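The task is simple: from the sequences and hints, build the whole structure.
Residues per chain are reported as follows:
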Amino acid sequence: MIPASYYLYLSAILFVLGIIGVLVRRNLILILISIELMLNAVNLTFVTFSNYWGVYDGQVFVLFIMVAASAQVGVGLALVKTIFKKKAIVDVDKFNLLGQ
Amino acid sequence: MLSNFGSILFFLIFGAVFVCVNILLSRLLQTRNPYPVKLSVYECGELPEGNSWIQFNIRFYVIALIFLIFEVEIVFLFPWAVVFKDLGMFAFVEMLIFVGILLVGLAYVWAKGDLEWDKPEQVPSPELYRTDNVNSAVKITESVAS
Amino acid sequence: MITNAILILLLPLFAFVVQIFIGKRLPRQGDWLPTGAIICSFLLALPIFFDALSNYEAGHVVVQQSWEWLRFGNLEITFGIYVDNLTSIMLIVVTLISSLVHIYSIGYMQGDERYSRYFAYLCLFSFAMLGLVLVDNFFGIYCFWELVGLGSYLLIGFWFEKKSASDASKKAFITNRVGDVGMFAGIMIIFSTLGVFGFTDVFTKIADGGLSGTMLTVTGILIFFGAIGKSAQFPLHVWLPDAMEGPTPVSALIHAATMVAAGVYMVGRTFVIYTEDALLFIAIIGTITAFMAATIAIVQKDIKRVLAYSTISQLGYMMVGLGTGGYTAGLFHLTTHAFFKALLFLGSGSVIHAVHSQDMDDMGGLRKKMPITFWTFLIGTLALSGVPPFSGFWSKDAILASALEFGMNHSAYMWIFVAMLLSAGITAFYMFRLIFMTFTGQAKDQKKFDHAHESPFTMTLPLVVLAVLSVGTIWWGWIEHLLAKPELATYATVAVGAVEHSAEHGNAHLAHTIALFSSIAVAGSGILLAAVVYHWKKISAEAWGSKLKPVYNLLWNKYYFDEMYEATVIRATLWKSRIFAAFDVKIIDGFVNGIATVTSKFASLQGAIDRVGVDGMVNGVARVVGVFSNRLRTIQTGKIQTYILMALFAVLILFVLQQF
Amino acid sequence: MALSDIIRDNINSLNYFLPELLLTGLVLLMIIADLLLKKERSPWMSIIALIGSGVVLFAIINQYELGSRSIFNNMLAVDEFSIFFKLLFLATTILVIFLSIASVELSGRSVGEYFTLLMILTLGLFLMASATHMITIFIAIELVSIISFALVTYLKTRRRSSEAGLKYAIYGAFSSGLMLYGISILYGLTGTLNIYEIGEVLAGRDTNSLALLISVLLIMAGFGYKIASVPFHFWSPDVYEGAPTPITAFLSIGPKAAGFAVIIRFFNVALSNYDGVAEQWLALSNINWPQIIAVIAAATMTLGNLVAIAQDNVKRLLAYSSIAHAGYALLGVVVLSSQGVYATLFYLVVYYFMNLGAFFVVIIFQDIIGSEKIDDFKGLASRAPIPAIAMGVFLFSLTGLPPTAGFIGKFYLFAALIKAGPEFYWLAIVGLLNSVVALYYYARILKAMFFDKISEGVSPEPLKISPYYVTLLAVLGIPTILVGLYWAPLANLASHSVHFLPTF
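Taken in sequence, the protein lines are chains B, E, X and U.
Going by the numbering used here, the first sequence opens with residue 530, and the numbers climb by one from there.
Going by the numbering used here, the second sequence opens with residue 512, and the numbers climb by one from there.
Going by the numbering used here, the third sequence opens with residue 5, and the numbers climb by one from there.
Going by the numbering used here, the fourth sequence opens with residue 15, and the numbers climb by one from there.
Misleading hints may appear alongside valid ones.
[What the hints assert, rightly or not] Below, a sample of chain E positions facing chain U; criterion: calculated Cβ distance under 7 Å:
no., residue
1, P545
2, F601
3, V615
[As the list claims (entries may be wrong)] Heads up, simulated DSS-like pairs for lysine-lysine below, C-alpha to C-alpha not over 25 Å straight-line:
no., chain 1, residue 1, chain 2, residue 2
4, X, K452, X, K372
5, X, K28, U, K170
6, X, K373, X, K167
7, B, K610, U, K170
8, X, K167, U, K387
9, U, K461, X, K174
10, X, K373, X, K452
11, U, K461, X, K167
12, X, K643, U, K461
13, U, K170, X, K643
Rather than coming from a laboratory, the hints here were simulated on the basis of the structure.
On a predicted model such as this, the values are computed, not experimentally measured, just so you know.
Beta carbons: idealized from backbone N, C-alpha and C, even for Gly.
Written as structure tokens, this is what we have:
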């Protein structure tokens, strides 16, 4: 049996990779993907703990996270689309009309 | 005896070695004779035209988004379906309402015309084509023709 | 009755609100609205007053009702109305004088460009004062206390285009604040130890020993600080003469019925909390004030300034009355003084209105031109000088008797009585100096004299009414009952000290007789001296002035109080602010920009020091905040990834912080 | 529990869930109505929304009679606490609908979806107020977030609007990722997702305090994002500036108050023990979370106020000011007493009036003069006295000067803080200093409006303010003053609403 901690390590690594992706990527689509990576890391943790404690609410939570994530990404992509349609940029650094 | 991870490691190593050996073999055995047409992108015999990074029709995105939203709701339907027998009438009605709400959403999308294809075509902005790849592709075509 | 009490308070408030917003659009610029409101208040106050009058045993409470205002946990603050004898007479004084001032102002302020706003302020001021006398707790009195301060600020600085006026208003406000700090601290002590604000609750708890000894003395003195500021007692009296910059009716209102009376009223209201030591403190402050202000008044040339210093002096009298245990005497004087001082101010306003000058050197011989003004003014002067049978005589006599009795019981403090007696003589002297210089003799400035005329009806009517009220006989027989000292026996522990003052009744009768005759004597000699110097000109004032040059200078410069404050308080503040500003600029910029820029900043630092004025401190802080603000806003780059990075970093900091 | 019991509980719960069900029905009705009403600028959508809100209002008030209960197998709680918040949210929604009708900014767009989205957002807020399970908390927060993204970008043609929305979406998704990770760690520590059970487990067992700290910090990222507290506030100035102003007003109140509801419920139930005698909670021994929130509160107030000083755009200035106000309201959470919670609730109501009012005045001026810059507000008092005076009242209240409601609100907060003992005196001092700083920038707006001369080239003639605007201003302005003078009823409501399940 693979110990639960291994899954946790993996999920922590995935989570950190996701964070790094959000921070260093310049392409909006890739940032959204990185966030998905973070959420999937969370899913992994939930499933692991759910298994560990032998209760299922963790898995139920995963289902909800999946749905919410897709909704979030849906709105995010729609926004990217609106902006891209007006001006063909996907580079986040260009989005600085607002600030200070 | 190998532990669970040991076997995975074994497969990983085996797979890696297999791929490497094959690539190495082809390297050793191949003959090299590159010319432009051979290097050009293969598009089912058609002449390659423009950059692959062009803007797809906006409809693709809309459809994709709508698909994404509706598809993901299946995660609720699936667990319900598994224990449907035990849950009885209440859960059935609940799920009917849930699907009903989704249908209202679908109807909304439909009525708003976001599932239609026959809308005026979006004209992709010309600068998207003006890339080096386009030029090189044109050159390749010319060289093939000559 | 309760309805009356509430309406008395709300009518002026209502009038103020309406007047300030739409006053200008009303017919006659709305002057009738505040005037009508305050007259209605007066009429409503009458039944209350008669109720008090018809059962005037001590401690009679006409109306007392309170409502829950704020509940916090088990702490409950109520807000209510409390009308006893003292309040009822104060209501009459305030509403009556305020009504008269309103009426008088219709004539006086005619044609001013902010005519309607003036009435709004006047009304606000009256509202604040009425609230002050009606409210039933310390917290409320403090609120209205501040509101009175605000009203005075607005009114004194009413002609704010004049720099002197706006300076005076600021001075009044700031000086008052100094006193208020003490008062606030006192109230907080009461609240923190006793947990209640209501007067009756506080008094009962103090009687039960909830607060006693030195702490109670300190509390009393702190609360008295508020009165020092508001009633212009030494050493915070400096604002009052400057407050003459406001329109004259305002001076009358401030000096007679509202602002300065507030301090005395409060001491009267909270009389039972003062211990013997606190009362002694009050008496000493009062004596110093009374004597000092009276001497300054001798040399003033500005008619309103003479009256201003006489106000300070008389307020000192009231404090002495209260401080020496003469509760009735002090408050009686407050009442009579309110009327005759209002009369004098309005009279002087009438004179100023006629000759367009406040300098007595421009006046003279006005008696024939303005007979009504003269006769009423004379009555006021006689009252103030303490000539029988005018009202001032009775009340001042009572104070002198109280002081003498105190001195007999505590011979170390006999000087209080002597100083008061002397001041009474001086008062008579300077008041008649004023009369002689203004109304009799030859006109000194012929052009102005020719121009002078009797004032319109709206201005003379209040004068006549006030003059009638300044005749002493109408006060006979009831005032001492109405203003009978609170039953100190019920407040056993506190009262020990206070009762002692008047315990030995043996002296009382004797003191009264001595005081009666000596006060008549000094008043007479004062008047006589004034007549000799200024009417018959047997003695040259100028000659004596130059002979006693140092004394004259001292008095002319008002004991150098302003200069002293200038040299100490204001200078010190300035100096401190410079240091702070220097510190701020240096440290912050050094921190932010690093050592490389220190040299260049040093130059601008020196420039900054030069530029620092009175506002240095404020500006310094504002600048530092501004620098911070500008630095901080740059973290809002508009770039989403920077935001996320910073948020993560901050979480990390929180995490590290928690590890310690 | 047997399956049948669970199902029976769900069925029984429906009665208690009536306001939310009605709201859901209303949303569906509006979606359909939007399809049927062909005319784009039809006022019917707003009318339906308002009528629906009225019906929901009755349903909420009716909940007071039903009594407190935990519903759907402890997923949600119906108690005085949640009812209070629901009332607040519904009031916000109703007023924002009125503001939106008036707004010129939104007039170019089809409003059907707008109002529908607004009602969905309200549903999300309702769920946030009553959620007692990590799943419901998460879903409610996501529902609110996602709808907010859409509403912020509602002005598609304005690039600032879509840019703000995109930032909001990325930041939101990111912080909900952090929050979820925190929840998952907490789940790992306790083995349950129900906040009562989490509380019991944490109180009964000695858990790894380092893991607990990490999880609480990460969860706080999600909650802090909702209330826009430092350091999770970065989105808010940009979003507030870019969004249509009615939405800005909504975001600065609704989700913020909902965030407070969640924070109070989560921290007081899951991470503390209740001491019924002292009406006080005790933080768990192995995590000093009041300290964390105290630091966050202090930082939030200070940063919000300091940065506000440097702003030239009134909307942005108000954005920073609302950050600062979140800091003030957090003061009540820090002290862990029912008095603190009560002060926070009171403050939120007060904040509702004054903040909505201030934003509404901005809407008015923005519609008429087309600008949100302080410089363009110069001399407006003489051109439009009524909104200017109302603005004065709101800004006075925001500063916390008597006799306005803001003063009373702050008074309660500071009183609760002082009463909690010397541990938090420093926080009270920081708060008071901040109030002084706040005076400075609020006064800037007032100075521009009342004392500055009208700029060159701007005509000084009076602006026409429609009676509709004046009525709305009165609706917001009168309570701001009235509560400042007589707050006993509101205070009673707030103190009544401190009770939440099941600790009481």
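Which hint numbers does the structure go against, in order from smallest to largest?
1, 5, 6, 8 and 12
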